[in-house]
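Peer 1: What follows is the residue order along each chain.
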Amino acid sequence: MKGKLKKIIILAIIFGLPAVIGIVQMARGKVLYTSFGQALGTWFGAFLTLAIVSFLYDDNPLYRFSEALFIGVSAAYWMVMGFWTVLIPNLFGRLTPWLVSSIIEGLEGKKPNYFYLIPLIFGILLLMRLSSKFGWISRWALAFIVGTTAGLNFVQYAISDFTEQVKGSIIPLITLNGGKFSILGTFSNTVLFLGIICGLIYFFFSVEHKGFFGVASRIGIWILMISFGASFGFTVMGRIALLVGRVEFLLYDWLGLTPGM
Amino acid sequence: MGKIYDKIRNLDRRVVFLFIALAVIIPLLYAVRFPEFPTPMAKGVFDHIERMPEGSRVLISFDYDPASEPELEPMAIAWMRHCSIKKFKIYIMALWPLGQNMAQGAIKRVILKDFPNYKYGIDYVNIGYKSGGQGVINVILTDFEKLYPVDVTNRPLKSFPLFKEANSLKSMDLIINISAGTPGLKEWIQFGSDPAGTPIIGGSTAVQAPQLYPYHPKQILGLLGGLKAAAEYEKLLGDKYPQYSDVKLNKGRMRMGAQAIAHIVIMAFIIIGNLTFFIDRARGAKKG
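Top to bottom, those sequences are chains A and C. Sequential numbering from 447 applies to the first sequence in my numbering. Sequential numbering from 153 applies to the second sequence in my numbering.
Just chain A, same shape as in the assembly (with noise of 0.2 Å):
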């Protein structure tokens, strides 16, 4: 119970105390809204950004609620968006262009393309997923989305990520600059060159690693780690960035505490 009260303070803390300062802002006039539907759309993103937030103390039914709130949303929106820019152009606006004449230009006596019927099928047999007795129909245009999906990425891969690839790891060991030697441009394509060998020496299991290959397999487990840790780097560069757009949000456009800049 000492608990249960302890996260209700504490979630009303985190709630109440900006809602608190929103308000006296509003009223000394700092938070200016150009429209009742401005400022409920703004306060009600700083609800379900708190919302979220609150997560990071304890799991909460407003967490949930702003979760559910926001998967329902998206697919809704995607749903929404696959039938505006592409069923009613690509599909409906071929197949049966006078259905769709008053909404999209350029349609008026044009006639319907019966080849789209082949998709529109497709699309039907996809949504037999939905029954438990002909759920199976939708195999068929499953498996054609993944054969043409195999087909088409097996052949880019095979170019951009391992052909091209290969070709960008051959580079020069001594670079010039200008017709001078460089010494950064040599240190950093020696690097590479012996990260490479040694990353890939490493995942050599053929040949114990000893002597020459141990050396070599060590030197590539420090290249690897060295790329885990920039990683790692990166990725809390970025989440902090979306902190600082979130924080951003709550404090210059909620609660207007711009800074005077």
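Just so you know, the hints here were simulated from the structure itself, not pulled from any lab data. Treat the numbers as computed from the prediction; the structure is a model and nothing was measured. Among these hints, one or two may not hold up.
[Unchecked claim] The list that follows gives simulated cross-link-like pairs (lysine-lysine, DSSO-like), each with its CA atoms no further than 30 Å apart:
#1 448/A <-> 155/C
#2 159/C <-> 450/A
#3 159/C <-> 195/C
#4 556/A <-> 310/C
#5 626/A <-> 195/C
#6 370/C <-> 476/A
#7 370/C <-> 557/A
#8 195/C <-> 556/A
#9 392/C <-> 613/A
#10 556/A <-> 298/C
#11 448/A <-> 159/C
#12 195/C <-> 238/C
#13 476/A <-> 400/C
#14 370/C <-> 400/C
#15 453/A <-> 159/C
#16 155/C <-> 453/A
#17 476/A <-> 260/C
#18 613/A <-> 195/C
#19 322/C <-> 613/A
#20 557/A <-> 298/C
#21 452/A <-> 155/C
#22 310/C <-> 557/A
#23 556/A <-> 392/C
#24 370/C <-> 626/A
#25 322/C <-> 556/A
#26 450/A <-> 155/C
#27 452/A <-> 159/C
Starting from the structure of chain A, add chain C where the hints point.
Peer 2: Chain C alone, transformed into the frame defined by chain A:
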């Protein structure tokens, strides 16, 4: 001393969150800023755009949503400004559903506000979002109209002079991709830039950047990774074009103060964590 050590050793993770929150809130409240020193990568991207002639055709794909907006919007705005200053022909699209809205926001903030002489359909166009990721890129490689019969205003692409000049990815002079994940920069390199032979530059979230650096310099001309790179680009743009030198117009630079302080706090916690680890190990060795 032992008690303090034990407290630090068993520090509640929520205390760390509180410190991070303060490290972000205080610099934002007091407008803490640090000077930006652009890296060769940011300079390379800037110089490439700077060298391109007036009227060059540039395709900008907004492949992000509000979740990554704080990181990517500053670079999107900076690129839109730079392309508009250089009087490029700008083709705008999105592979993410909300990317279309992000693009509309950038158009409103840059073109409609600062470049009123830019004419829709003649100097810039927004063809919006289409689902399909790499499939979309694969189709527009040869023909935009196959997949984009109309733009965001539901007018046929054929009706715009921009698409009479160029109707495929191959006819672009540069692709700029602002990417928050998949589909994004990787797909644009694989399915767009590589097969079309069109140069590409990109901006990505910091999380994504390490996966994309291996494509530089052969497959991608330059990469802006995260908020820091965006702030560097804003600095370069402000130095060259003083109308954009005011920090208030550059959200990337405004946010970097809080970002830097938060990094210092995180580094401090990493050092404290490592110290406790080594002290524990030394104590264990003594006992055992």
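Peer 1: Against each hint, give a clear statement of whether it holds in the structure.
Peer 2: Here is what the structure says about each hint:
Of the supplied pair hints, the one linking residue 448/A and residue 155/C holds, its CA atoms being roughly 26 Å apart against a limit of 30 Å. The suggested pairing of residue 159/C with residue 450/A holds, with an alpha-carbon distance near 24 Å, which does not exceed 30 Å. Straight-line distance between C-alpha atoms of residue 159/C and residue 195/C comes to about 47 Å, which puts the hinted pair past the 30 Å bound. Distance restraint check for residue 556/A and residue 310/C: the Cα-Cα separation of roughly 15 Å lies within the 30 Å cut-off, and the hinted pair is therefore satisfied.
Restraint check for residue 626/A and residue 195/C: the C-alpha separation of about 22 Å stays at or below 30 Å, so the hint holds. Between residue 370/C and residue 476/A, the direct Cα distance comes to roughly 51 Å. Violation of the 30 Å bound is thereby established for this hinted pair. For a cut-off of 30 Å, the pair hint linking residue 370/C to residue 557/A is broken: about 46 Å separates their Cα positions. For the suggested pair residue 195/C and residue 556/A, the alpha carbons sit about 50 Å apart, so the restraint of at most 30 Å is broken.
Distance restraint check for residue 392/C and residue 613/A: the Cα-Cα separation of roughly 36 Å exceeds the 30 Å cut-off, and the hinted pair is therefore not satisfied. This hinted pair checks out: residue 556/A and residue 298/C have alpha carbons roughly 16 Å apart, not beyond 30 Å. Annotation: proposed proximity of residue 448/A to residue 159/C holds, straight-line Cα distance about 23 Å (limit 30 Å). Restraint check for residue 195/C and residue 238/C: satisfied, since their Cα atoms lie roughly 16 Å apart, inside the 30 Å limit.
Annotation: proposed proximity of residue 476/A to residue 400/C holds, straight-line Cα distance about 18 Å (limit 30 Å). At roughly 36 Å between alpha-carbon atoms, residue 370/C and residue 400/C are farther apart than 30 Å, so this suggested pair is violated. This hinted pair checks out: residue 453/A and residue 159/C have alpha carbons roughly 22 Å apart, not beyond 30 Å. Between residue 155/C and residue 453/A the alpha-carbon distance is near 26 Å, which keeps this suggested pair within the 30 Å criterion.
Annotation: proposed proximity of residue 476/A to residue 260/C holds, straight-line Cα distance about 25 Å (limit 30 Å). For the given pair, residue 613/A sits about 25 Å from residue 195/C by alpha-carbon distance, which is consistent with the 30 Å threshold. Taking the CA atoms of residue 322/C and residue 613/A, the gap is near 23 Å; set against the 30 Å cutoff, the hint holds. This hinted pair checks out: residue 557/A and residue 298/C have alpha carbons roughly 16 Å apart, not beyond 30 Å.
Annotation: proposed proximity of residue 452/A to residue 155/C holds, straight-line Cα distance about 25 Å (limit 30 Å). About 17 Å separates the Cα atoms of residue 310/C and residue 557/A, which keeps this hinted pair within 30 Å; it holds. Of the pairs offered as hints, the one joining residue 556/A and residue 392/C is violated, with about 50 Å between alpha carbons and a cut-off of 30 Å exceeded. For the hint linking residue 370/C to residue 626/A, the alpha-carbon distance of about 23 Å falls within 30 Å, and the restraint holds.
Note on residue 322/C and residue 556/A: the hinted pairing holds, with a Cα-Cα distance of about 29 Å set against a maximum of 30 Å. Between residue 450/A and residue 155/C the alpha-carbon distance is near 28 Å, which keeps this suggested pair within the 30 Å criterion. With a CA separation close to 21 Å, the supplied pair residue 452/A and residue 159/C stays within the 30 Å bound.
In terms of the numbered hints stated before, the structure departs from hints 3, 6, 7, 8, 9, 14 and 23, listed from lowest to highest.
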